[in-house]
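Novice: Residues 1 to 97 (full-length UniProt numbering) are what the sequence shown spells out, left to right.
Fair warning: there could be bad hints in the mix.
To be verified - Taking lysine-lysine and the DSS-like style, the derived pairs with C-alpha atoms no more than 27 Å apart in a straight line are: (1) K8 - K28; (2) K8 - K33; (3) K79 - K8.
Hints listed in this document are in silico derivations from the structure and should not be mistaken for laboratory results.
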Amino acid sequence: MGTEVCVKNEPDYVAQRVCNKLASLGFKNRGTKTQEELGRRLGELNYTNMPAIIAEVCFVEATEDVAIYLNHGPHVIAKAIAEGVTGQTVDNEIMPN
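Just need the whole structure built from these sequences, with the hints factored in.
Specialist: As structure tokens, then:
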């Protein structure tokens with residue numbers, strides 16, 4: 001259960017902010033994980049020249065995670081990710097579920 005953010009080699013401040021923002025919604029904070037910690041290489045992180053992260057929002061087979069996701073909805077979760085990436089407050093109106 002919970003949220004984690006995957007990074008290529010070293011955890012960084014963006015990945016940590018995204019993970020913390022998602023955890024603030026009620027998901028268990030599983031922290032940032034490197035590919036080495038995961039025991040596998042991820043194409044989304046390796047085949048790009050840009051900085052990249054993979055936000056694992058929740059576990060869809062975990063009843064508690066699903067309840068948190070449904071309670072907030074995708075727009076609130078997207079807002080949390082955007083605020084984590086930018087480090088700024090996003091003030092746009094949240095769309096209804």
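Novice: All the hints need checking, so say for each whether the structure fits it.
Specialist: Hints, one by one, checked against the model:
The suggested pairing of K8 with K28 holds, with an alpha-carbon distance near 22 Å, which does not exceed 27 Å. Distance restraint check for K8 and K33: the Cα-Cα separation of roughly 9 Å lies within the 27 Å cut-off, and the hinted pair is therefore satisfied. Taken as a hint, the K79 and K8 pair is honoured in the structure, with Cα atoms around 24 Å apart against an allowance of 27 Å.
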